[in-house]
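Undergrad: So the protein sequences, as listed, match chains A and B.
So the first sequence is numbered by numbering that gives the first Met the number 0: it starts at 0 and just counts up by one.
So the second sequence is numbered by numbering that gives the first Met the number 0: it starts at 0 and just counts up by one.
In case anyone wonders, no lab produced these hints; they're calculated from the structure.
Here the structure is a predicted model, which is why all the values come from computation and not from measurement.
Same chains, same label: a pair holds when it works inside one copy or across any pair of copies.
Restricting the straight-line Cα-Cα distance to at most 27 Å, the calculated cross-link-like pairs of lysine-lysine (BS3-like) are:
no.	residue 1	residue 2
1	5	15
2	5	124
3	90	15
4	90	124
5	285	403
6	5	280
There are 2 protein chains.
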Amino acid sequence: MTDSTKFFLPEDRLPKAWYNLAADLPEPLAPPLHPGTGQPLGPDDLAPLFPMGVIAQEVSLERWIDIPEPVREVLRLWRPSPLVRARRLEKALDTPAKIYFKYEGVSPAGSHKPNTAVAQAFYNKEEGVRRLTTETGAGQWGSSLAFAGSLFGLEVEVYMVRVSYEQKPYRRALMETYGATCIPSPSPNTAAGRAILAEDPDSNGSLGIAISEAVELALQRDDTHYALGSVLNHVCLHQTVIGQEAMAQMEMAGDQPDVVIGCVGGGSNFAGLAFPYMAEKLKGAKVRCIGVEPTSCPTLTKGPCAYDYGDTGQLTPLVRMHTLGAHFMPPGSHAGGLRYHGMAPMVSHALNLGLMEARAYQQTECFAAAVAFARQEGIVPAPESSHAVKAAIDEAMRCKQEGKAETILFNLSGHGHFDMQAYTSYFAGQLTDPAFDPAALERALADLPKVAGA
Amino acid sequence: MTDSTKFFLPEDRLPKAWYNLAADLPEPLAPPLHPGTGQPLGPDDLAPLFPMGVIAQEVSLERWIDIPEPVREVLRLWRPSPLVRARRLEKALDTPAKIYFKYEGVSPAGSHKPNTAVAQAFYNKEEGVRRLTTETGAGQWGSSLAFAGSLFGLEVEVYMVRVSYEQKPYRRALMETYGATCIPSPSPNTAAGRAILAEDPDSNGSLGIAISEAVELALQRDDTHYALGSVLNHVCLHQTVIGQEAMAQMEMAGDQPDVVIGCVGGGSNFAGLAFPYMAEKLKGAKVRCIGVEPTSCPTLTKGPCAYDYGDTGQLTPLVRMHTLGAHFMPPGSHAGGLRYHGMAPMVSHALNLGLMEARAYQQTECFAAAVAFARQEGIVPAPESSHAVKAAIDEAMRCKQEGKAETILFNLSGHGHFDMQAYTSYFAGQLTDPAFDPAALERALADLPKVAGA
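So that you can see chain A by itself, here it is in the shape it has in the complex (with noise of 0.2 Å):
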């Protein structure tokens, strides 16, 4: 056994390959429809949108699929990424537990962000687009998406909702230290914006509305491609080197997880670290994995599984996931990244399947596991990985309570340096855990598109 803290692996055992869980899935996913007419969506229909190689992603059933060199060669910037032993963390907690955490903080914007953004830009660039349009809340996404386009010489505007870019003006400076450009949303910019606009001048914005017009100039101009942060099957996908490199750290660590466990917005960053062990499941290991929301956006824990749009306006192809309904408005929160309505395809049916668990957390609760986290472990945890970082605290005391050495592995998707308000408003005692209102579900799930047959 090592005394070992930090696992790094060598930068040539960066994944070569990213791992396509839609190959080993038991059933196929629903496929995505058409917004219009209903029926499967074509590779065509996204053309106006994304480059070939990413909907050839989208769609693909290969269990592996290349890793372009370049891609590869700029990920190495910073991955392969560090796993952690929490070893002053479990002391603190006196479990029996062992505690591990993958570390994406390390990324240039901060987050697991980055590995799908510099995949995205590349495909991009290759078939000649020259500018990348997409939105942004909290602005991890956006950031991110400035990094790599700066990386591979694409112009990139971001359009922020509003109440984001005035409540986090170092995100917008951030992305324009990329050479990005960052767009208060709704803005005068598009249709969408100004209808919004004329109604409320003042409108906060929303990611809905956002979506809307990044989608809407990217279908405008034929040099202009939409780029998505996640929810998709090629995000989803992208992410994956961070379970691969998982896997083979834990192995330097002399351990294996018996429990893996993300926080969920769109899913991505869960479906990154958990997919690899899910392949694994799926051959018979006993591992468990858990996504953790929200209890303010409980997509998973209350949502059904349906066909629903990715955005308010309509725009976007629908897909069949876990939702609240595209109009549902879930109450404010620091978590900004975790307020999606839907989620990832492909983690709706991974739990549909049984091969993960969900549950949900209050914001108070989050951030008190994390300031517990970041006291002894010194890193700072984004509001939104709290919530991994609070499921794992309640498994190690399960583990102290049930008297089983268990290990335990969690995804840090992401540091709060950007977010440190939400800590202030903590310790001044300004958060509140806003109870759900399943009167505002009803009326929102009321709202769902009728599609034939799903």
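Since chain A is already given, all that's left is putting chain B on it; use the hints.
TA: Only chain B this time, still in chain A's reference frame:
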């Protein structure tokens, strides 16, 4: 030759001892003097402020001083820190030079400062101290001591220059996350603070005032010591893990630096990287060491070497160093960590002995270099560290002109996540490069204390 980008040492190669340059200097350092008597200080004079473990290091002439195992255990949370070859930057500059950087931003507080904060917290805890007081300007040091205090169960009170306290709320939040108390200075808690507030209730504060407050409180309370984040010999000593690791990592890379670069404020991050290389230089190795400071606070390039106080309140010992005079007030700049009137006596002495060079840059050219670096390598440098980036790029361009394939190594002492406002100002064209005022320097130097025989 390797084609790797990052070089990691295994944890068991974390240095086991600190390197003390004082043991190898051809001429001894001038002793510190008592501020009241002007006589050389004895250990007892420092005992009210510092633990004996630290005082012994301050005056030691031993070449190697063992790092206590509990300190190494904490350092292993993030050390050994990575050495990175900036291959993308080299290509963008089209230079024959090789550029490496040692990255200290991986520490929990985001800079090199925890290297000494952890050691100081340990020695204080060992000697039964219950509480540490300190000052902080930009917040790097305050958050580092807060972190170290939380690990060793020490209360930490940080007096933060009021203007920074208000402009950098995220740094304050970080200190509070680590359980420290952060108080805007001048405060009503001390005689020094009350005197200033009586004159000007809206005083912005200054580092000199904050030092006086922290020192006053430590002197008043038996269970309380004071901790300093730069300048002193023991601080430079604790930082030498940086250079020792870098040497081992350059060996892994199969290279040897021709030029070693660090920014200098109090001098400790530069000392940490450069002192182990100076030891080689004293044995005949050909390596240039360059300390880089802002033109707005040109301690090494324009200040004489003389005995001076460390603070404006004249409470600290007199040390012989390059200084602009304790009353010199540098113009505002975003590199708050480099706005100090003095310089580590060891670094000052090294300059006088010809072991290093010094140069100064304007802040806008440093931000331009930092942005160029971020767009290639991903990491956004702290404003302080941007001075080292600028010098590294200039050296690489010199190599291009001269057709020389030299190897350049610089210390990227911290990331800029908590300083993004500075980047916003830079992009908005709001940063100026104030002309240096020789008359102001002359006035400040006229106040230098008269020391017999110095």
